[in-house]
Amino acid sequence: MESLLKEKGIPVQDALEFIKQPEVTERINIIGPYEQPLPLDENHRDYKSKPCMTLTNENVLLEGISQAQVLTKTIIAQHKLPNRIEELAEISVPKTVHESVKKAILSANVFDCEQQKLPKIKDPLRPAYNFPRILGISDRRRNQIITNKLLQLVEKCSDFELSQTRFVTNDVETKTVFNKEDDLIQFHNISNILVTSEKPLSHDIKERDIPFAEIPDLYPIKHTITLPPEHFYEQTSIYPIQKSFTRKHPHTTWLHFNRTEVSNIYETPVTDLQIEGRALTHAFTVASSYAKQIHGEEVQDLPEPIFVNCIQTDGQKYHFGVLKLNTLNVDGVDGTKNEWYCKNNIKLYDRSGYFNGMPVLENYNPKVYGYINAFYNC
Amino acid sequence: MALNRLFMSLNITPNSITRRAIHLSCYNFASKPNIEKPKPGFGKSYRRIVHFPDKYTVKPLEVTNLAGRDPDTGRVVAKGIGGGIKHKYHWIDWYRDGPTEGPPQEEKVIQIMEDGCRTAHIALVAVGDKLKYILATENMKAGDILKTSRYLPRIPVKANEGDAYVLGALPTGTIVHCVEKDPGKGGLYIHAAGTFGTITRKQDDRVIVQMPSNRLFSFDQHCMAVVGRLSNVEHGNTPIGSPQRNRWLGNRPRSGLWKRKDGRHGRKIRPPKPVKEIFTPTKTPLSEIKLNMRP
Chain U
1 MESLLKEKGI
11 PVQDALEFIK
21 QPEVTERINI
31 IGPYEQPLPL
41 DENHRDYKSK
51 PCMTLTNENV
61 LLEGISQAQV
71 LTKTIIAQHK
81 LPNRIEELAE
91 ISVPKTVHES
101 VKKAILSANV
111 FDCEQQKLPK
121 IKDPLRPAYN
131 FPRILGISDR
141 RRNQIITNKL
151 LQLVEKCSDF
161 ELSQTRFVTN
171 DVETKTVFNK
181 EDDLIQFHNI
191 SNILVTSEKP
201 LSHDIKERDI
211 PFAEIPDLYP
221 IKHTITLPPE
231 HFYEQTSIYP
241 IQKSFTRKHP
251 HTTWLHFNRT
261 EVSNIYETPV
271 TDLQIEGRAL
281 THAFTVASSY
291 AKQIHGEEVQ
301 DLPEPIFVNC
311 IQTDGQKYHF
321 GVLKLNTLNV
331 DGVDGTKNEW
341 YCKNNIKLYD
351 RSGYFNGMPV
361 LENYNPKVYG
371 YINAFYNC
Chain P
1 MALNRLFMSL
11 NITPNSITRR
21 AIHLSCYNFA
31 SKPNIEKPKP
41 GFGKSYRRIV
51 HFPDKYTVKP
61 LEVTNLAGRD
71 PDTGRVVAKG
81 IGGGIKHKYH
91 WIDWYRDGPT
101 EGPPQEEKVI
111 QIMEDGCRTA
121 HIALVAVGDK
131 LKYILATENM
141 KAGDILKTSR
151 YLPRIPVKAN
161 EGDAYVLGAL
171 PTGTIVHCVE
181 KDPGKGGLYI
191 HAAGTFGTIT
201 RKQDDRVIVQ
211 MPSNRLFSFD
221 QHCMAVVGRL
231 SNVEHGNTPI
241 GSPQRNRWLG
251 NRPRSGLWKR
261 KDGRHGRKIR
271 PPKPVKEIFT
281 PTKTPLSEIK
291 LNMRP
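Residue numbers (our numbering), protein chains in the order written: chain U, 1 to 378; chain P, 1 to 295.
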């Protein structure tokens with residue numbers, strides 16, 4: 001029978017074998033030319049269930065400086081900088097130096113050959129009109145050039161011995177992780193210029209009657225608003241300079257405000273209060289990561305206060321600040337608080353650029369150079 | 001052309017159907033295929049598709065314009081829509097939820113903004129950790145505190161503009177907007193600029209609200225409503241101004257003779273309609289059971 005069927009070409013199979021389950025072959029996982037990255041969800045091996053609220057260089061706090069005050073437990077002295085800085089800023093500077101500053105501003109705004117598409121200009125009264133697209137210097141590059149040139153000028157004009165004690169780094173990353181009332185908060189900032197020194201910075205603030213602005217109550221808003229939660233993070237702080245280096249104590253940090261990079265999540269322009277808050281959180285990041293490097297991760301109240309100077313700029317406006325870090329324990333409103341002395345919104349110039357084909361610099365303000373010099377020399 | 005040649009060579013003997021009749025019927029069949037496409041209206045506007053993410057976010061969302069076309073079939077459903085400035089969509093949180101007992105939840109207004117996708121203005125509001133958008137009322141400004149509560153008290157609450165309470169908690173004569181159809185389903189009625197509804201009377205469990213069209217609707221007393229009149233009150237009074245401005249709003253030129261006294265444009269005098277009860281039917285109609293002889 002079988003042979004007859006096989007001659008016809010009909011396949012024959014034993015009935016008992018047909019009933020058996022088919023053999024399960026092993027599935028071969030073919031990876032491909034390279035390892036595919038795992039999707040960043042709960043099944044990733046680095047996923048942490050407790051979210052960490054992160055503040056980076058790109059996002060800003062909703063309530064600006066008030067929220068930064070609550071987060072870092074700081075009291076603010078508006079329009080007041082330590083006396084030594086005010087005295088140093090009063091020193092008259094030779095005219096050639098001011099001429100060099102003007103040259104520096106022009107070289108940043110006008111005499112640079114970068115040609116990048118600048119953001120579109122929109123007129124709210126004529127929303128449908130497309131203005132011709134302008135090519136020019138991007139704001140990141142403009143800020144870099146002007147701050148580096150200003151710092152170089154200050155270094156040239158100051159004492160040789162003083163300059164030997166200072167060390168300048170560009171674009172360094174600082175990160176600090178801390179707890180505030182059951183929320184894990186992380187500030188991850190990039191310091192565009194960090195000036196460090198051999199000896200720790202100290203200001204003698206002897207006045208007793210400085211009018212401080214107390215920590216505001218943000219009810220009904222919680223202090224973690226507009227801090228996006230991240231599930232992938234590390235719990236160690238980063239200070240960019242090693243312990244073994246002599247000139248590791250942070251002195252001044254320069255922060256750039258690039259309107260194209262820093263924005264709100266709801267896409268409205270960043271307000272002045274938000275910019276000031278950004279300076280405070282940045283100074284806090286640098287100071288606290290340094291404190292954690294010296295005293296360890298779990299330090300709360302510092303034996304000696306740490307001072308950090310902070311200058312924030314968007315090329316035209318300068319915001320100066322000095323942070324006195326007393327404690328890293330930011331829970332609640334009582335106890336030792338940190339202090340922030342600031343002077344905001346000082347314009348270096350009114351208008352600079354090409355107008356009618358001519359390079360123009362209007363209304364140069366010589367006081368700004370005085371303050372920058374003071375910040376370097378104190 | 002090919003049809004002509006096909007029918008020229010056809011020889012048909014029966015007299016009841018002529019060759020011409022068959023030709024014509026084939027032509028009509030081929031030229032009007034049975035296209036299924038939806039009709040405009042029924043609450044659906046074929047203007048834009050918003051790409052909603054999974055979670056609620058305050059970031060303005062990307063939008064694709066449909067220009068009157070149905071997204072499934074791709075055919076034009078509504079005429080006169082197309083072009084215009086593309087606006088990003090601000091996802092509004094229609095659920096003004098509050099605690100069922102205890103003090104009302106307080107929210108702070110951060111900013112009032114204009115939205116390109118609707119006539120009313122929107123307000124950015126912050127509560128605790130979250131940011132959300134809601135429709136802004138007439139006198140709302142940055143820094144206001146708004147209250148929401150789902151509690152139904154015995155005595156009506158004295159409500160301020162912008163607060164959200166249940167319809168049963170508000171006194172008669174209150175001006176409301178953004179009224180819920182079903183408790184917990186989000187505000188569905190009265191969203192346009194400058195509109196408002198008035199609570200006229202309360203009947204047992206239901207509250208009767210007069211809509212902007214002067215029609216009376218009866219709502220369940222547990223439905224949430226926001227107190228006040230919507231922002232941008234002058235919107236209804238401002239004329240569009242120019243045909244180009246109409247094109248910026250996304251309206252293409254429409255044709256059709258307008259006769260002042262006839263048809264849908266004419267004046268109509270009718271008795272007022274009875275109060276319409278707004279409720280969600282819980283009983284669905286029974287499905288058909290067909291009994292036939294096939295096993």
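No lab work stands behind these hints: they were computed from the structure.
From the three backbone atoms N, C-alpha and C, an ideal C-beta is built for every residue, glycine too.
Wrong hints could be hidden among the right ones.
Far from chain U by the CB rule (all over 12 Å, computed), these chain P residues [what the hints assert, rightly or not]:
#  : residue
1  : T18
2  : P40
3  : G84
4  : G116
5  : G186
6  : M211
7  : N232
8  : P253
9  : R270
10 : P274
Derived coverage of chain U by chain P (criterion: at least 3 residues anywhere in the stretch with Cβ under 8 Å from a Cβ of chain P; other residues may be distant) [said to hold, decoys possible]:
#  : stretch
11 : 223 to 232
12 : 262 to 270
Hints, verified against the model:
No Cβ of chain U approaches the Cβ of T18/P within 12 Å, the least distance being about 57 Å, so the stated non-interface status holds. Every C-beta of chain U lies more than 12 Å from that of P40/P, the closest at about 26 Å, which supports listing it as non-interface. Chain U draws G84/P into its interface by the beta-carbon criterion, the shortest separation being 9 Å against a cut-off of 12 Å. In this structure G116/P is not separated from chain U by more than 12 Å, as the shortest Cβ-Cβ distance comes to only about 9 Å.
Taking the minimum C-beta to C-beta distance to chain U, about 21 Å, the non-interface status of G186/P holds against the 12 Å cut. Against chain U, the non-interface label of M211/P holds: every CB pair exceeds 12 Å, the least being about 32 Å. The Cβ of N232/P lies farther than 12 Å from every Cβ of chain U, with a closest approach of about 16 Å, so its non-interface assignment holds. Once the 12 Å rule is applied to beta carbons, P253/P is consistent with being away from chain U; the minimum gap is 17 Å.
Every CB of chain U lies more than 12 Å from the CB of R270/P, the least distance being 42 Å, so the non-interface label holds. At the 12 Å boundary, the C-beta of P274/P stays outside the reach of chain U, the nearest C-beta of that chain being 43 Å off. For the stretch 223 to 232 of chain U, the stated coverage by chain P holds: 3 residues have a C-beta nearer than 8 Å to a C-beta of that chain, and at least 3 were required. Remark: the stretch 262 to 270 of chain U is confirmed as covered by chain P, as 4 of its residues place a Cβ nearer than 8 Å to a Cβ of that chain, reaching the required three.
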